[in-house]
Amino acid sequence: MKSIAVYNFKGGVGKTAASVNLAYEGARSGQKTLLWDLDPQGASSFYFRIKPKIKGDAKRLLKKTNKALDQIKATDYENLDLLPADLSYREMDIVLDEMKRSKKRFGPLFEALEEEGYETLLIDCPPGLTLVSENAMIASDLIASPIIPTPLSLRAYDQMTAHAKGLGIKKDRFAPFFSMVDRRKSLHREVVTSFIDAHKALNSVIPYLSSIERMGLSREPVAVSEPRSGAARAYRLLFEEIEQLL
Amino acid sequence: MQTVFNLPETVSVDQLLEALPLAYAEPKKERVKRCYLDTFDGRLHGVDWLLYQEGDELVLERNGERDRFSFSGRIPLLAADLDQSPAARSLQKVIENRALLPVLETVCESCRWPLVDSEQKSHLSLEYQQLSTPQGSHCDRIVLRPMRGYEKSLRRCARALEKMGCAIAPSPLEEWLFAALPDWPKPPRLRSDQAAYSAFCAIAHYQLEVMVLNEPGVLTAEDVEFLHDFRVALRRTRSLIGQLKGVLSAEVTERFKADFSWLGAQTGRVRDLDVWQEQLHQQSAELPADLRAGLEPLLRFIQNDRKRLKRGLDKVIEGSVYGDLKNRWRTLLEEQAETTQGVLAGEPIGKLAARQLYKRIGRVLKDGSAITEASPDEELHTLRIDCKKVRYLLEFFGSLFRGRSMKRMIKQLKRLQSTLGDFQDISTQRHNLNDTLDRMKRQKRTTPECLMATGALLSHLQQEHDRLRAQFFKEFEKFSDPGLSGAVLKELKAQKEPR
Ligand SMILES: Nc1ncnc2c1ncn2[C@@H]1O[C@H](COP(=O)(O)OP(=O)(O)O)[C@@H](O)[C@H]1O
Ligand SMILES: [Mg+2]
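For the protein sequence lines, the chains are A and B, in the order given.
Everything in the first sequence is counted per the working numbering, starting at 128 for the first residue and increasing by one.
Everything in the second sequence is counted per the working numbering, starting at -13 for the first residue and increasing by one.
None of these hints come from the bench; they were simulated from the model.
Ideal placement from N, C-alpha and C gives every residue a C-beta, glycine not left out.
Just so you know, not all the hints are guaranteed correct.
Below, in silico cross-link-like pairs of lysine-lysine (DSBU-like), each with a Cα-Cα straight-line distance of 30 Å or less [what the hints assert, rightly or not]:
| # | chain 1 | residue 1 | chain 2 | residue 2 |
| --- | --- | --- | --- | --- |
| 1 | A | K190 | A | K231 |
| 2 | B | K138 | A | K190 |
| 3 | A | K186 | B | K138 |
| 4 | A | K186 | B | K107 |
| 5 | B | K149 | B | K352 |
| 6 | B | K312 | A | K200 |
| 7 | A | K327 | A | K292 |
| 8 | B | K243 | A | K180 |
| 9 | A | K190 | A | K292 |
| 10 | A | K159 | B | K352 |
| 11 | B | K482 | A | K191 |
| 12 | B | K107 | A | K200 |
| 13 | A | K200 | B | K14 |
| 14 | B | K19 | A | K159 |
| 15 | B | K352 | A | K182 |
| 16 | B | K15 | A | K178 |
| 17 | A | K159 | B | K14 |
| 18 | B | K337 | B | K138 |
| 19 | A | K178 | B | K476 |
| 20 | A | K180 | B | K464 |
| 21 | B | K345 | B | K138 |
| 22 | A | K178 | A | K191 |
| 23 | A | K231 | A | K312 |
| 24 | B | K430 | B | K374 |
| 25 | A | K178 | B | K337 |
Computed list of chain A residues with no C-beta within reach of chain B, every gap over 12 Å [said to hold, decoys possible]:
| # | residue |
| --- | --- |
| 26 | R176 |
| 27 | L196 |
| 28 | D197 |
| 29 | I199 |
| 30 | A201 |
| 31 | R217 |
| 32 | L294 |
| 33 | K312 |
| 34 | H315 |
| 35 | V318 |
| 36 | V319 |
| 37 | T320 |
| 38 | R346 |
| 39 | E367 |
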């Protein structure tokens, strides 16, 4: 099983949009795919019309992997299942903190998912620098990180990779890509070209597009609601590029 | 796993949809054609597997699980046409040499509604299927297709369907397939006190039906087993005539003996080559790779021989001599005219069979014990024929003798016979190889590589020859164990000379 954490500690940068659409692309390419909605706000679950669990138990979920397997739900798309968000995820940080080896608790769950036959796992991470996101980063093969092309965001990205280095995560496990890019802004254009060259960012870029915003209404991956849109194409290319790295 | 329900005549699909606890969304319509395959002798049916071709895929269904492999586009399908996936391998083991032939075509027209909640998220789907065959079979059914994590909704929908009068229904396919498989004749049931003549006719008639059933396949040669089965039935017929002398009149016996012997000779060579080709195939796989290519000219030569002989065989099967033979034989077996009956016609078959078995088993024991390390191969070949006679008698009349020692003896006999059969094969192969090489040499078709490769084959055959000879003594000792054969002979003696 290949695992991809979609993570940036900043909120509102397009993590969920990327998770939903990348998971859809994985399933469409024929891989049995699971999207884990790790953000208690449940935005990924919302896009798939699946209700988040209210009365979850983060501790049992981490300790008893079959509890997690029981919560998996099929989406309306072939090969694509979802492990919905759980309000108890809000306490996951505290739960993790009380556990031993608190940064490496996702291993058993990943193994159980692999045994279930999943070939690709995508994790829609919550924002913030927390134990939850550290666990996701440590356990995953790749960290796909959406970045808005402004100098401040780039600085934040550097801070994040420096922090990750302290956790033993090498920089080559990060796959940064630009998100919400506005081609009309010269600032965006300049930042994108110089950064891609300097930091080995992915060549695929997700532009700022109203079709992606409209996902909130359609509650479908863009490749379903607007299959011929530039957004659908951008996520497909992004998935193909990420797949090359795995 | 999907759940299948019948659709009661009084209920419409619309009514069912309205009765469900979930709303339904826009349906998807589909029309799928399938072609179900099985071997001529229904092996997949026998193990409860389903195999069908759908588009460019083959699908194997076993115990509710589905495996797919790519379809080469060729029907009939032989084991060699399948890929090497685990599922394909287990399929190969079941069909062995038999070709997979189309048995039944079905068309499934379906309409599938996602069943959704208030957020328009589907929890499962309901499918209305109209299944039919070109032969006019028809079946309507309702299928619930579950989705992971929505087991509760599935149960609620199933309950709603049951309330509307739907019941979980078995698939009609098994039945349709069974009806579409060829109708195999059933072996006759004999009674011990039945007159020998009527028992003879029943057995021979069954063999004749097996031959006729296999004729089309002998001609089309979709696999080599048609000819094999045809010849087994023929050999049984000949053995029956030869071993139950006196049941038919002497004149009739002589005539049909000669006729069937002719048919045996006409069909034997092609079968020999089939067997040989198969053996060469296996043996060449065991040869070192650099020698393997050397066999090519030999294999081609045999292939040509077979083509030529097969044309002759087809002429015989379609010809009037064989046609006339069949008619005369069938008439005799069905009319059972008094003039065709021999002196033993009225004898109870149980007694006659016991007498013959007693004699034949005695002969195997006597001939077999006379064989020593120094005996020539011919003596083993003769013993094989003795054994085969016993084997056929047991196949015809085994049901009349129930003793436990008889069952054990049959088991031992099979093992002994298989060793002797393999031993005989070695001699046949050596003879075939030398004969074919002579002809190839005369036609200047051999190559140095070919001679090297066949040299390696001959030395392999010599090793096998020695191994099987040694094995024979072990098998024969078990078969002739006085405890076993004594008990069997005692049972037979009691039956052939009833007090
Ligand atoms: N490429 C984009 N173009 C336009 N709007 C976007 C794009 N990506 C995300 N959005 C919108 O921005 C908001 C935040 O995106 P989201 O994916 O939820 O970010 P995050 O998960 O990082 O918090 C959402 O309303 C989403 O519809
Ligand atoms: Mg989010």
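Sort out which numbered hints this structure fails and list those numbers smallest first.
-> Of the numbered hints, 5, 6, 8, 10, 11, 15, 18, 19, 20, 21, 23, 24, 25, 26, 27, 28, 29, 30, 38 do not hold.
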